[in-house]
Amino acid sequence: MSSLLEMKNISKSFSGNKVLSGVNLLVEEGEVHALLGENGAGKSTLMKILGGIYTKDGGTISIDGEEVQIHSVDDARDKGVSIIHQELMLAEHLTIAENIFMGREIKNKAGIVNLKKQEQIAQGFLDQYEIGLESNLRLDKLTIAKQQMVEIIRAVSFGAKIIVMDEPTSSLSDAEVEILYEMIRVLKKKAVAVIYISHRLNELYDITDRITVLRDGESVGTVVTKETKRQQLISMMVGRDLSSYYTKTDNVVNETVLKVTDLSDGNKVKRVNFDLKKGEILGIAGLVGAGRSETVECLFGLTQKKAGTIEYKGKEVAFKNPREAMAQGFGFVPEDRKQEGLFLQSDVRFNTTINIVERFLKKLLWNRQKENEIVSEKIDDMHIKVTGASQIVSKLSGGNQQKVLIARWLCSTRTVLILDEPTRGVDVKTKAEIYALIDNLAKSGMSIIMVSSELPELINMSDRVMVMCNGYSTGILKRDELSQENIMTLATTEVGA
Amino acid sequence: MEAKKTKENWFASFGRSVLAGLKTNGGIIIGLIIICIILGIMTDSFLTIRNFTNIMRQISINVILACGMTMVIILGGIDLSVGSIIAVSGCLCCGLITNTGVPSYAAIPISILAGTLVGIFNGAVISRTTIPPFIVTLAMMNIGRGFARIYTKATTILVDDELFTFIGSGTVLGGIPIHIVYMVIVIAVSALILNRTKLGRNIYAVGDNKQAAAYSGIHAKKVTMTVFVIMGFFAACAGIISSARTFSGQFNVGEGAEMDAISAVVLGGTSMSGGIGHLSGTIIGCVVIGVLNNGMNILGIDSSWQYVVKGIVVLLAVFIDYFKKIRE
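As you go down the protein sequences, you meet chains A and B in turn. Counting along the first sequence from 1, when you hit position 191 you're at 191 in this note's numbering, and nothing is skipped either side. Counting along the second sequence from 1, when you hit position 174 you're at 174 in this note's numbering, and nothing is skipped either side.
Because the hints were derived from the structure by calculation, they are not lab data. We put the CB at the ideal spot given by N, CA and C, even for glycine. Honestly, I wouldn't trust all of these hints.
What the hints assert, rightly or not - Capping the alpha-carbon separation at 25 Å, the derived lysine-lysine pairs in DSS-like fashion look like this:
hint, chain 1, residue 1, chain 2, residue 2
1, B, 210, A, 305
2, B, 198, A, 320
3, A, 362, B, 221
4, A, 338, B, 324
Said to hold, decoys possible - The following residues of chain A were derived to be distant from chain B, with all beta-carbon distances above 12 Å:
hint, residue
5, 11
6, 124
7, 221
8, 232
9, 238
10, 486
To be verified - Covered stretches of chain B (chain A as the covering partner; in silico rule of three or more C-beta atoms under 8 Å from a C-beta of chain A):
hint, segment
11, 183-197
12, 200-208
Take these sequences, add in the hints, and give me the full structure.
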């Protein structure tokens with residue numbers, strides 16, 4: 001007995017880049033089947049092939065046991081496949097019925113649209129799925145959750161047997177997610193298959209029957225949701241044991257590198273106290289608005305300190321600008337790599353060497369070889385996935401962009417490296433690589449200050465964590481005191497003037 | 001041993017730069033060749049050595065301006081005052097020599113300084129305030145033009161001076177016209193700045209992402225100031241050369257020069273949003289504009305239509321670049 005949908009051995013390349021290779025996906029009718037994988041794993045490419053937006057290079061697609069060729073979105077729809085995208089594709093000023101019939105309006109002989117008939121038929125569908133809405137309601141009067149349902153009904157009205165939902169809960173509240181789940185359960189009862197794409201593992205455990213994991217364009221395997229533990233899913237996505245996701249060794253040397261006392265920048269940073277040892281990774285935690293980024297920016301000389309002292313290697317310092325901080329051995333990888341870090345229109349080479357240009361540009365002579373050596377070394381050491389040093393940085397994935405930015409600061413010896421949200425928007429595999437890198441740097445004697453909003457990251461990677469609340473440092477937790485509760489408690493401890 | 005290596009380096013580097021320039025600008029070079037072929041067919045006098053040397057002379061002022069403008073646009077700015085700077089330095093120089101009796105070897109540096117002062121003003125205001133370069137340089141364009149008009153009392157100041165004449169139309173090393181020398185020097189200096197100095201990299205960095213440049217310790221203020229001063233200096237020199245050629249100072253000299261300079265830069269593929277661009281493209285852009293001007297003159301096309309044609313060519317180049325980007 002064949003499955004409702006059988007995608008076998010699918011392969012797809014874009015300009016020589018193999019994006020999918022031998023991918024298999026089998027979905028049964030009435031099943032909620034999750035498609036899981038990190039950014040770049042190939043999920044959206046696979047679905048675009050199913051939905052007729054791309055054509056596959058190799059492999060077969062069969063629906064209901066019959067092999068099909070899908071060359072266009074119309075083909076896909078005729079075969080019963082509908083994709084519900086993250087951004088809803090509905091016309092807000094039209095009614096539910098008009099939206100459902102958009103593109104195939106019911107017209108009378110004179111060519112005029114028969115609104116009443118459309119509303120009648122639409123209502124039939126709405127009632128069938130127990131939606132409880134009137135089909136003549138304008139879409140902009142509905143919540144996003146309800147609009148999403150209309151989009152699903154539209155798919156159903158086309159006779160969809162397979163509905164692909166791409167991150168359907170990204171703009172829904174918890175209550176609305178429940179409503180979506182209800183709708184999915186009704187679809188199941190009507191033998192419609194749902195392919196569910198989401199990063200939120202909790203949801204997968206709530207509503208899905210089976211999960212197929214993709215990694216780097218290949219299928220890793222299909223598991224039954226109920227029988228699979230979270231760690232197993234993550235290790236399938238990442239390709240290695242969860243235990244090596246974080247790399248943390250003890251490298252702290254009892255030598256104080258930095259001592260900050262009562263620091264204030266006259267604005268968001270009100271009174272901050274902490275010290276940093278050689279080889280230590282000091283995490284900085286706090287809620288949004290606590291003043292963490294502002295603290296490290298003040299340290300780096302981007303803003304001026306108005307009060308307090310900063311003692312660096314035993315001497316008092318007050319950097320007037322980043323250039324002075326850099327000269328003293330500080331490095332800074334900012335929070336928003338696109339807005340604050342990278343030169344998106346330039347290539348990897350430019351972005352990597354911008355801080356150490358004088359090493360190969362001397363007296364109007366350009367030592368290209370030396371520059372290329374520096375860049376290749378970084379690309380190799382940090383496993384940065386690029387087509388070459390001349391690739392424009394805007395074309396890289398988030399994880400590789402972050403690596404380039406970090407590489408920039410590692411071109412010269414740093415004593416203190418400040419990282420602000422170092423793994424934001426980075427895929428799981430690259431995150432692990434960055435953690436290993438940070439640990440290695442600490443091992444070599446570098447001191448690291450890591451501002452982060454991700455508690456597991458802070459807890460696993462920090463030797464100590466300084467917590468801030470509304471511009472004040474509220475406490476420093478030692479490694480054996482690190483826990484979500486302790487951090488959150490200090491993050492919400494109000495300090496008086 | 002060291003000196004020989006350096007000489008070989010320069011030659012090899014120059015060859016490499018030319019090849020690189022050909023690669024990045026392949027499209028517009030093909031366009032240029034097509035235009036030349038068409039013009040060659042339409043008229044006998046186009047494809048002659050004499051005509052090509054004419055074109056070289058005609059574009060020399062624009063090349064000087066466009067090299068500076070390339071730096072300004074890569075920085076993310078724009079300078080509309082260059083035409084007026086030409087008038088300021090040119091008219092001042094003529095007036096000093098003829099009316100005030102200042103010897104030319106003194107009048108020339110003074111006038112160049114005066115023109116550069118406009119650049120210094122532009123740089124100071126643009127680097128320290130958030131007033132858009134467009135506005136600041138537009139204002140100076142008017143002020144400069146006004147000054148030139150007042151100073152010359154709206155009449156032409158004629159100059160009869162040996163040094164001045166040499167600067168305008170002399171030859172060096174037995175036959176090389178001096179305007180070729182100017183172009184070579186300006187192109188070389190600009191290329192060196194953009195490609196082989198820290199300042200050059202900083203210009204690209206600030207033009208691409210001012211914030212990120214700050215995080216890397218780059219002083220956006222200093223870089224901005226420097227670029228506009230260089231532009232002012234180049235324009236001031238162009239003003240002396242321009243007046244020297246016509247042996248006179250006229251207040252309307254250089255009118256519209258900023259447009260040709262900007263067009264050349266845009267044709268050459270440099271983006272108006274900053275952070276990206278090549279000097280090689282600008283040079284080819286200058287040649288294209290020069291060829292078009294020259295060809296249309298030979299064909300006797302009405303000068304009004306010449307404006308239209310030039311505008312269309314720039315638009316075409318921008319569209320082609322746009323579609324190339326879309327395809328990526």
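Hint-by-hint comparison with the structure:
This hinted pair checks out: residue 210 of chain B and residue 305 of chain A have alpha carbons roughly 22 Å apart, not beyond 25 Å. Between the alpha carbons of residue 198 of chain B and residue 320 of chain A the distance comes to roughly 21 Å, so the proposed pair stays at or under 25 Å and holds. Using a Cα cut-off of 25 Å, the hinted pair residue 362 of chain A and residue 221 of chain B holds, with the two alpha carbons roughly 23 Å apart. For the suggested pair residue 338 of chain A and residue 324 of chain B, the alpha carbons sit about 23 Å apart, so the restraint of at most 25 Å is met.
The Cβ of residue 11 of chain A lies farther than 12 Å from every Cβ of chain B, with a closest approach of about 24 Å, so its non-interface assignment holds. The non-interface label for residue 124 of chain A is consistent with chain B: the shortest C-beta to C-beta separation is roughly 43 Å, beyond 12 Å. Annotated as non-interface, residue 221 of chain A keeps its C-beta farther than 12 Å from every C-beta of chain B; the closest such distance is 35 Å. Even its closest Cβ contact with chain B, about 39 Å, leaves residue 232 of chain A beyond 12 Å, as expected for a residue assigned away from the interface.
Annotated as non-interface, residue 238 of chain A keeps its C-beta farther than 12 Å from every C-beta of chain B; the closest such distance is 30 Å. No Cβ of chain B comes within 12 Å of the Cβ of residue 486 of chain A; the nearest lies about 32 Å off, and the non-interface call holds. Under the rule that three or more residues need a Cβ within less than 8 Å of chain A, the assignment of the segment 183-197 of chain B holds, with 4 such residues. Restraint check on the segment 200-208 of chain B versus chain A: 4 residues with Cβ-Cβ distances below 8 Å, three needed, restraint holds.
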